[in-house]
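Q: Residue-level listing of the chains:
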Amino acid sequence: MSQRIEVRAPYDRAVVGAVDAATASDVERALSAAYALFRDRSQWLPKQQRIAILLRAAEIVASRRDAIARQAAHEGG
Amino acid sequence: MHIFAEAGLPDGWAQMVLPADLELATRLVTDARVGFLSFIGSSKVGWMLRSKLHPGTRCALEHGGAAPVIVSHDADLEMALPRIARGAFFHAGQACVSVQRVFCHNSVVADVATRLADMGSQMNIGNPLLMTTDVGPLIGHSEVGRVDQWVHEAAQQGAELISGGRKRSESCYENTVLLNPPVDTSVMRNEVFGPVVCVCGYDDLDTAIAISNDLPFSFQAAVFTRDIDTAMHCYRHLDGTAIMVNENSLFRIDGMPFAGARTSGLGVGGIPYTMQDMQTEKMMVWRSDALN
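Just so you know, the sequences run in chain order A and B.
Numbering follows the numbering used here, with no gaps: position 51 of the first sequence is 51.
Numbering follows the numbering used here, with no gaps: position 52 of the second sequence is 52.
Quick caveat, the hints were computed from the structure, so don't treat them as lab data.
For each residue, glycine too, the CB sits at the ideal point set by N, CA and C.
Keep in mind that a hint or two might mislead.
Stated by the list, open to error - Examples of chain A residues lying across from chain B (beta carbon under 7 Å, computed):
no.	residue
1	Gln3
2	Tyr11
3	Val19
What the hints assert, rightly or not - Reference listing, derived: stretches of chain A covered by chain B, where coverage requires no fewer than 3 residues with Cβ under 8 Å from a Cβ of chain B:
no.	segment
4	33-46
5	49-57
Isolated chain B (complex conformation):
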């Protein structure tokens, strides 16, 4: 706000309002004078707010997901693994498109799990103000507890804990790799929003895709393969608003369309797309004898 004022924006054109509770925040966004709500946050709050918007108020929602990555039997693992590790662990897995579920062909699953675990274990976890830190804290202490509980629930239900699985401090959690967590565990069904990646083996690609698609999310997904037909097949059948080929699901640049679909969001973000979403077209019709 200070920067905008310094840049010459007059009063009233951009205002910051920080309601202390959800009730007042809801009153703000559901007011009849609001033309557009742009929301980034949890699916639960986003859809709730949308359901209460005043008639005439439009919105864009951006929530999260449990981003899937397919690793085909022919993937270039040297290229893929550092990318998948970054996608899983950077920002401690707290991006809307952080890699969460990695479906690997059974011929490479053990290798992927082990090497992802190694890469994760070598990252420096800690103080985000230090240039040497690779992965910072979770957003709150209670999140550390929740992530830990989900990891151990998965382990108790049969997942193999390959690395991590414990707190590093009150605020930081170790980069964690779980191998073959059952599909109905929290880590496989809900957005982890933590440094936890589920590595799951498959024999049949379409079965993996079906499992991947069996969640209400749809955001960015990825496939690592050297085969064009495999890439196209995944593009066609994997739920997502964007399918990255040989890049992780976290990839984003300002100018590209960035959107959640199904419960993951509404509308399309990215500079030209957001501008489009926020505008309404106004048509003018001229009728004049002079135009005959």
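The shape of chain A in the complex, shown without the other chains:
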């Protein structure tokens, strides 16, 4: 059972949200998954696909610009 990390707004300590803290097995799982992908070239994403993903991600960020800015200001001060 992992602990929760409470994220509080620097301005007034209001709870912004909570996230799961990673355990040692989460760390191992993440490293193992990333390394396995890295080592298996057949799984590597072709350049065009990576470009498409980044462009799409940029579009999504742009469409949620205000909400993201607000969230960042709330969380970061």
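Given the coordinates of chain A, assemble chain B onto it according to the supplied hints.
A: Relative to chain A, chain B alone:
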């Protein structure tokens, strides 16, 4: 992470892992499977992690500094002061290249100190969610206490408190201008990471540069002058990875090289530079009779 998934990135290609303590975080980054560590944070943690990286793991570090600004006797103060004020107080001085030490020729130092103090005092400090707020809180309540302690240490050691010097709330600190803090005070030797600017008078530019350079940091610096030779002299002699002329040290755009040197960092950030840093070149050599 959600946005990347929505954009079509398959599982495993970008993962978020939040260790609750430094010990587990250290185990993560020092694992043999890690090819590259990109770290933004304190110099203390950054260099510690680098010292423990597994053989073969490369890294980029981005820490902070106590960014110096030179204001020459011939600076255009109308242009310079709003820029210096923004550089000092925006984000409550919590950027790696926030203006922290302003070395002014003695003919303009009093004017600079007073006017910076006025500009700082007029900024709205408070809730970062309001569009009317200019300067938000510090990242934690304990930082407010630390900044306050450093300010008062400087005042006790002879600095003149021109403005600020107190908490606005549990989380916010007033924009503070200190005039001529002694060089061995915390505000002059360490990264303040708060809305505090030290204004120091000089007669001789090279003496100011020597004082400025007497810290282990090297990041962005600035000089305000109308004289090309003064600008070039500062570029040459002031420690820094970038010298801004007639702009504050906080200036940054995505495509430019952005780097700390000495204890301030390792490697060069900025889009093309980071891509370069993270890659390793792989050469192929062809030998063939057909190529003779």
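Q: Which of the stated hints cannot be reconciled with the structure, identified by number in ascending sequence?
A: none
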